[in-house]
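Chemist: Chains as they are written, first to last, in our numbering: chain A, 2 to 453; chain B, 2 to 453.
Wrong hints could be hidden among the right ones.
Each pair may be met inside one copy or between any two copies, as identical chains are not told apart.
Calculated pairs, DMTMM-like style, for lysine to aspartate or glutamate (alpha carbon to alpha carbon, straight line, at most 25 Å) [stated by the list, open to error]:
no.: 1; residue 1: K416; residue 2: E310
no.: 2; residue 1: K238; residue 2: D31
no.: 3; residue 1: K285; residue 2: E256
no.: 4; residue 1: K416; residue 2: E257
no.: 5; residue 1: K285; residue 2: E143
no.: 6; residue 1: K226; residue 2: D216
No lab work stands behind these hints, which were simulated from the structure alone.
2 protein chains.
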Amino acid sequence: MKEGTNQLLTVIKGFLATKDEKHLKQFLLDMHSVDIAEVISNITDKSDKQYLLAQLDSEQAALVLNELDAEVVADLLQDVSSERVSEILDEMSFDDAADFLGELSENDKEKFLDLFEDQDAEDVQELMDYREDTAGGIMTTEYVAIPDSITAAKAIEVLRETAPDAETVYYVYVINLKNQLVGVISLRELIIASPDSIIIDIMRKNVMSVNVNEDQEDVARLVAKYDFLAVPVVDDKQHLIGIITVDDVIDVIHEEATEDLYRMAGTYEAEEDETLARFSTAFKSRLPWLLITMMGGMLSGQVLKNFSEQLNTVVALAFFIPLLIGMGGNVGTQSSTVTVRGIATGQINTTTVLKTVLRESMVGISLGTVMGAIVALAAYFWQGSIQLGLVVGLTMFANMVTAATMGTVVPLLLKKVGVDPATASAPFITTTIDILGLIIYATLATLLLGIL
Amino acid sequence: MKEGTNQLLTVIKGFLATKDEKHLKQFLLDMHSVDIAEVISNITDKSDKQYLLAQLDSEQAALVLNELDAEVVADLLQDVSSERVSEILDEMSFDDAADFLGELSENDKEKFLDLFEDQDAEDVQELMDYREDTAGGIMTTEYVAIPDSITAAKAIEVLRETAPDAETVYYVYVINLKNQLVGVISLRELIIASPDSIIIDIMRKNVMSVNVNEDQEDVARLVAKYDFLAVPVVDDKQHLIGIITVDDVIDVIHEEATEDLYRMAGTYEAEEDETLARFSTAFKSRLPWLLITMMGGMLSGQVLKNFSEQLNTVVALAFFIPLLIGMGGNVGTQSSTVTVRGIATGQINTTTVLKTVLRESMVGISLGTVMGAIVALAAYFWQGSIQLGLVVGLTMFANMVTAATMGTVVPLLLKKVGVDPATASAPFITTTIDILGLIIYATLATLLLGIL
């Protein structure tokens with residue numbers, strides 16, 4: 002893919018150098034808007050960017066701008082006539098326009114909003130008012146709906162007149178006189194139906210919908226579960242107010258997977274360009290977890306300080322600290338990852354929660370038994386002390402059972418009290434496990450080595 | 002969602018108790034196949050499951066079975082007449098049938114394959130031969146293609162005759178006489194075109210396709226990038242052999258996100274039901290990383306053993322081991338997570354790789370400076386030794402720079418040599434960082450405390 006973009010970039014740069022407007026226009030016409038956007042992002046000269054944009058018709062320009070960052074777009078459109086900007090904005094789908102305007106400063110927002118037609122401006126404003134992570138925030142108001150009382154022939158006529166984009170006619174929604182969603186019919190079903198049949202008689206009446214305030218993750222789960230291409234959005238009174246299409250759902254899935262992964266690692270850069278985010282953002286987003294880990298490390302140190310008499314007597318006890326800490330953290334991370342992911346994909350729910358906890362505890366006990374035995378033997382042969390082997394082996398066992406159980410129960414409890422379980426991320430759980438593990442180690446060593 | 006299924010389950014159980022076949026059938030007709038499958042999974046009695054299945058027509062039965070585990074399906078179909086099984090299999094899409102058969106034992110596979118019509122059996126067998134994680138493994142051979150030389154009117158006639166499912170007509174692909182993909186046209190474009198126009202004149206000639214051997218992750222990235230509903234699959238000679246639809250792409254995205262997350266945590270349960278996987282699978286999948294971590298822990302212990310003279314003299318050195326290890330591992334995990342995710346989403350590529358390494362190293366240096374200073378001061382006030390503060394602070398700094406750099410460079414190098422970077426997972430990187438960190442600690446302590 003990447004090489005393709007590089008080739009395109011080279012060709013375009015050639016056109017820009019020779020100012021061969023005719024061939025450039027022809028070439029751009031055959032390009033996908035996503036690729037044009039990528040080329041524009043990779044060009045450094047602003048006037049070159051604007052020149053490219055000027056070669057596009059307003060429909061293609063709208064698609065291209067939709068792929069670029071809002072700030073870049075606002076900058077590119079600065080010197081463009083408001084007539085042309087208005088034309089381009091009219092070609093944007095309302096949800097894209099709302100997303101674009103939503104990222105701008107209040108000042109720019111007003112300026113661009115004024116360039117929409119009155120009714121459109123209202124629709125876009127309404128979309129901006131929904132919370133970004135709800136169904137309302139990702140829906141578009143450009144859908145196809147027909148009344149339930151007309152004939153199939155009339156419906157096809159209505160569709161031809163409203164001339165929707167091919168992409169948005171996955172399903173044709175059916176509404177009653179109160180604008181309430183009552184059914185759905187596919188374009189193909191409409192075409193093969195007898196022209197005189199009434200929609201209400203040929204539509205499917207069982208139509209799944211989502212409430213406008215529903216969380217975008219739940220919407221994504223629904224679409225993924227039923228393999229929908231689009232899902233209608235209704236308000237509390239069942240009025241049809243929008244649709245959510247599968248491409249937006251894919252974005253949600255990507256976004257949520259990235260967020261979960263980052264949270265598990267204790268870093269919070271959830272913005273689109275996180276990998277390339279400015280270094281200061283990266284620095285700030287990671288510092289909090291590191292400070293918490295540091296507090297945990299200090300606490301661990303305090304545990305060891307109280308334990309210094311034993312450490313002074315049997316310095317070999319210190320050799321096993323990295324091992325015990327590493328293994329406990331490892332098991333805790335594994336358990337919490339499986340649990341967080343299970344909650345995200347919906348595989349862990351009220352009916353399977355007990356099974357999950359039981360299974361993870363069993364895994365902890367089994368892993369603890371095996372690893373405890375191995376480590377005890379290794380410690381014995383390495384240091385030549387049975388008591389030391391026993392202490393290390395028993396600590397390993399206790400540590401792994403604690404880690405597996407905590408790694409499972411903490412995310413579940415957080416979910417129960419309404420906190421995103423991914424926030425019960427590895428750093429927090431492992432730090433807690435470290436401290437508990439050292440307390441267990443110190444206690445067992447005192448008890449068992451005290452009777453040396 | 003969940004409550005919905007529970008309600009459905011209650012109603013169905015009522016029907017089963019009263020054997021009210023007529024109303025049960027009506028009720029099932031209105032249910033979504035995904036929900037019926039969920040109800041069947043939640044019923045324990047096998048004869049009840051079979052009774053429910055018997056109430057469905059073969060089309061619905063195929064959709065329902067498609068949602069269930071292959072083994073469950075094989076079990077359910079055991080006592081069903083081969084005529085009925087044959088009917089149901091005929092209704093399955095070829096890619097679903099291939100997935101189903103692929104999970105069965107050789108014996109069962111042969112048995113079911115015999116129940117397909119000859120041509121269908123061949124198609125399904127062909128699909129089974131593609132590697133599961135390639136374009137061929139997720140494509141279906143049921144697509145709509147028309148020759149480039151016919152008229153729009155004739156094309157619509159062809160479409161009516163082949164009577165495809167509404168869901169599969171996202172795009173109509175155009176082929177030449179050699180069955181090579183040459184264009185694409187939407188159903189809507191066909192309908193509004195003048196009936197006499199020739200397809201080659203009205204189709205879009207720029208059609209993106211994927212090679213049958215392309216990695217499923219790359220296919221998913223392409224579909225997500227361009228917001229496609231389906232993408233055509235071609236062989237090396239550009240012959241059209243299948244399509245991949247967006248619902249299968251969503252499954253790939255879910256699967257890959259889960260796999261990456263699991264690999265980062267050193268657990269490998271990539272099967273669909275991983276969260277509820279049998280405990281033995283969980284045990285086995287996690288043991289390898291734990292053993293590697295153990296070896297790392299032992300190595301760390303060996304480093305400390307060589308360091309025991311200093312530990313014996315200044316036992317306070319041991320107090321900081323959990324802190325230093327925890328922080329290094331933490332930063333390493335953060336950096337590798339950002340890098341692995343950036344590679345997966347395509348944000349890190351040849352043009353941005355240097356920027357990424359530079360940024361992460363800068364983050365490491367800055368975090369190291371801040372945290373090193375804090376820890377040095379804390380150590381000084383806590384233990385009252387300037388030298389000790391200096392050793393701990395400098396180790397922290399060196400540790401964090403190493404961790405951030407390793408966490409970024411190791412996944413990138415693995416990607417370069419063709420290994421899945423998610424395998425450069427947290428346990429491996431943190432273990433290495435632990436050992437390096439302790440060596441730095443021991444060296445600095447020897448140098449700086451030696452001149453006490």
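Chemist: Now tell me, hint by hint, if it's right for this structure.
Modeler: Hint-by-hint comparison with the structure:
Taking the shortest Cα distances, K416 and E310 never come within 25 Å of each other, neither inside one copy (42 Å) nor across copies (48 Å). For a Cα distance limit of 25 Å, the shortest separation of K238 from D31 across copies, 23 Å, qualifies, whereas the shortest one inside one copy, 45 Å, does not. Taking the shortest Cα distances, K285 and E256 sit within 25 Å of each other inside one copy (20 Å), while across copies they are farther apart (31 Å). Taking CA atoms no more than 25 Å apart as the test, K416 paired with E257 passes in both settings, with 16 Å inside one copy and 24 Å between copies.
For a Cα distance limit of 25 Å, the shortest separation of K285 from E143 qualifies neither inside one copy, at 39 Å, nor across copies, at 51 Å. In this assembly of identical chains, K226 and D216 lie within 25 Å of each other by CA distance both inside one copy and across copies; the values are 16 Å within and 24 Å between.
Against the hints set out earlier in the document, violations occur for numbers 1 and 5.
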